[in-house]
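**Student:** Please model the entire structure based on the sequences and the hints provided.
Protein sequences appear in the order of chains Z and A. Remember, the working numbering sits 1043 above the position in the first sequence when you count from 1. Remember, the working numbering sits 1043 above the position in the second sequence when you count from 1.
If you are wondering where the hints come from, they were derived from the structure by calculation, not from laboratory data. Please note that the accuracy of each hint is not assured.
It does not matter which identical chain is meant; a pair holds if it fits inside one copy or across any two.
Stated by the list, open to error - Straight-line C-alpha distance at most 27 Å; calculated DSS-like pairs for lysine-lysine:
#1 Lys1491 <-> Lys1100
#2 Lys1254 <-> Lys1277
#3 Lys1404 <-> Lys1277
#4 Lys1404 <-> Lys1491
#5 Lys1277 <-> Lys1485
Each chain, written out:
2 protein chains.
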Amino acid sequence: MWNERIAEEIRGIVGEEDYMDAPEDRIEYSYDGYIPEAMPEAVVLPRRTEQVSEILKVAYREGIPVTPRGAGTNIVGGTVPVRGGIVMAFTRMNRILELSPEDRYAVVQPGVVNAQLQTEAARHGLFFPPDPASLAVSTIGGNVAENAGGPRGVKYGVTRDYLLGLTVVLADGRILRTGGRTVKNVTGYDLTGLFCGSEGTLGVITEITVKLMPLPEAQRSIQAAFPDLDGAGKAVTRIMASGILPVAMELMDSVVVRLIEEATGVGLPQEAEGVLLIMVDGPEAAVIQEVERIGELCREHGASEVRVSRSTEENEALWAARRSAFAAMARSRPTCIVEDVTVPVSRLPTMVREILSVAQKHQITIGVLAHAGDGNMHPLILCDRRDPDEWSRVEEAVREIFHRAVDLGGTLSGEHGVGLAKEPFLPLVMDEESRRLMRGVKDLLDPKGILNPGKFV
Amino acid sequence: MWNERIAEEIRGIVGEEDYMDAPEDRIEYSYDGYIPEAMPEAVVLPRRTEQVSEILKVAYREGIPVTPRGAGTNIVGGTVPVRGGIVMAFTRMNRILELSPEDRYAVVQPGVVNAQLQTEAARHGLFFPPDPASLAVSTIGGNVAENAGGPRGVKYGVTRDYLLGLTVVLADGRILRTGGRTVKNVTGYDLTGLFCGSEGTLGVITEITVKLMPLPEAQRSIQAAFPDLDGAGKAVTRIMASGILPVAMELMDSVVVRLIEEATGVGLPQEAEGVLLIMVDGPEAAVIQEVERIGELCREHGASEVRVSRSTEENEALWAARRSAFAAMARSRPTCIVEDVTVPVSRLPTMVREILSVAQKHQITIGVLAHAGDGNMHPLILCDRRDPDEWSRVEEAVREIFHRAVDLGGTLSGEHGVGLAKEPFLPLVMDEESRRLMRGVKDLLDPKGILNPGKFV
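**Tutor:** Structure representation (structure tokens):
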């Protein structure tokens, strides 16, 4: 139980400047990108691994919940401190400790913002492939905790694929170092991978070593407008089967296109039912050939308009518009739910139709935005949570969408995680044995259940 | 304790044809690619997951060790049944159950040989990137259990990066399904990753879903001969910093070159101190440019001879020769120890010098073969184990090589695993907390310690 003595002890560890418990500060850390809210007792902003360790020793002794937090951009309630206790925000552990251009790795603190690492890496001709839409603010620590993906996942995979090693503080304050600085490393169990995607429930990550990749010589994007969504979906599977490996391949339906266009005026085709935005990278000569071939394949599937970006600026403008989709959608109605179902790529056209039919059936607005190249779809549900009738229809629609995705060989979350939002649906994709093993791992690492408690495990 | 009643029960599960306990059969499964030998009580060749489950139920009840085995090509003693019991060989679970060209995945049984999957994937314009030198015989089950790499690791990573889901039988016979068929999947802890590289100590893998990649349009290889090894090492770090991402970049010293040439006559330059064999792939136009640039960089670092493969056949011949290295070396002396140290790429020239100086100091022959592009080195120690004096010098040399690698920021094993061979050295690269956590995970999954007992955990 939280009390003044414990508050004093915690305050003593981090110092006055990095400790907050005024109501207005606690409110700031009581919510994230999802719906629920819960007040913490205190917020700490540690500066060193040793402080994190000291805080956890106290929390462990006293049974106080600790919820680690990056930028709070997750949209599944993963950083909401549902059992109160301490929110540990990594805002002040935001330094890039080392960047080796020759060995292509960086060692960073968890509060380093994804874009900050990109900027620094680019100075050495490198980049960090995971690119969640939130990259301008989301942190590497959060990216690791959620195993974040992004549009570039089609070619480059997800955060786990770029993780070489971690420093983790365990529930009782012990400090663990996993992995190393080499890409190949098979000495013992993959503990690094175990912490990645564990959403703060197994340990608190305080240092991260990531692999960087050489920046490609050229990047080009194509935008193709399709009179019907089905043609766009089929073009996706056709391109993926053609031998070309695009960096990113985004599908937007007319709802999403209209809202992005209203917000950015970037010039997306308004009359199309589906728009594909596809990026390729690599040596200039190859990129030019690939863009041409992709354009042909789009036209073969009925694309009425195919535009190719002619410069880096034009390319960047298109993708900035795409990244603004969530914000654009969120402006249009009081509540915007972003789902994250994922299906095998060949099932994409079917899943798009299923989502549209669910929307029609329940008379709600769903915009379809998909990282189409890896089958990862974000149905954007626009509604008003305060309207009980509409809300119950939304809840039913979400349930149906999850079931359809699983029936098609897919899963509930591609890159956003489980958090609070997906927890009730986990049995759909995880058998009882897997959930039992997960709980066993949780009990082993956090026997008192103080790390981000009340979440999916 | 093994007895006739248990033997009967096990025989009853798999049937007469898939059960062996004659001494000559047990001897065949008493060793692998490393030195130690130990006799199992029986060998079973299961055909279905349910049989594996039934066998494990009996083994769990009776406390009988079970050692899963693919092709036994590992060179760390990982499949030697040091505590006796049952060897479970997957020779008869060797079918590709499904291959989806559109969704780029395959579902395979663990006994499918790597080359068999490559052949089937190639029919659909796809490939499975992990390419251990043993690929003609080693199994996908073994590749997963060891998290195998291979030359292509520079560009394409290791087995873990292509693993979507697993069926695993736990120690007590329960059956677990992890992951799925989609590339992006973040519902809960990464159990798939936990089993990958666990060397048969956490569960028995009976079905594997892997991601496949599109076969590149073109592949070209360059062979560059350097009068001194140091120049070759420097060329490696220079190429890796140039923005080009080769598929593979192999470094061979004069000992290795001579023995390969004697065995294959493929035409490697005999007078060089170091030879680089580099492969690039991608669209034809890009590949041609990259090969030219790599050639220039090699010449700038003193390469006296640079040859480019002009056809697929020439390319294949060069790589087949490289893959024969272990066999060629093994012919030359009674004992050949293959080490697997890995350092950050920039430390490669230093590590090469360290190895050569260790060899000289202890008056033993060490050939240097390296997957240079990812810093993964295989010092090949040629000796005679029956000579106690030479053998003690070899043991001392191995110890020194491990310590040097770790001092340079590296690790003991890049892709071969721990098995019996590296177990004593694990504390060099894993802190006490990590080893404790590993043991905790082992106890959680295998409380009676029946799965591949006596190994590293």
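**Student:** With reference to the structure, classify each hint as holding or not holding.
**Tutor:** Here's how the hints hold up against the structure:
| no. | hint | result |
| --- | --- | --- |
| 1 | Lys1491 <-> Lys1100 | within (12 Å within a copy, 32 Å between copies) |
| 2 | Lys1254 <-> Lys1277 | between (34 Å within a copy, 21 Å between copies) |
| 3 | Lys1404 <-> Lys1277 | within (24 Å within a copy, 65 Å between copies) |
| 4 | Lys1404 <-> Lys1491 | neither (45 Å within a copy, 54 Å between copies) |
| 5 | Lys1277 <-> Lys1485 | neither (42 Å within a copy, 46 Å between copies) |
Comparing the model with each earlier hint shows violations of hints 4 and 5; every other hint is respected.
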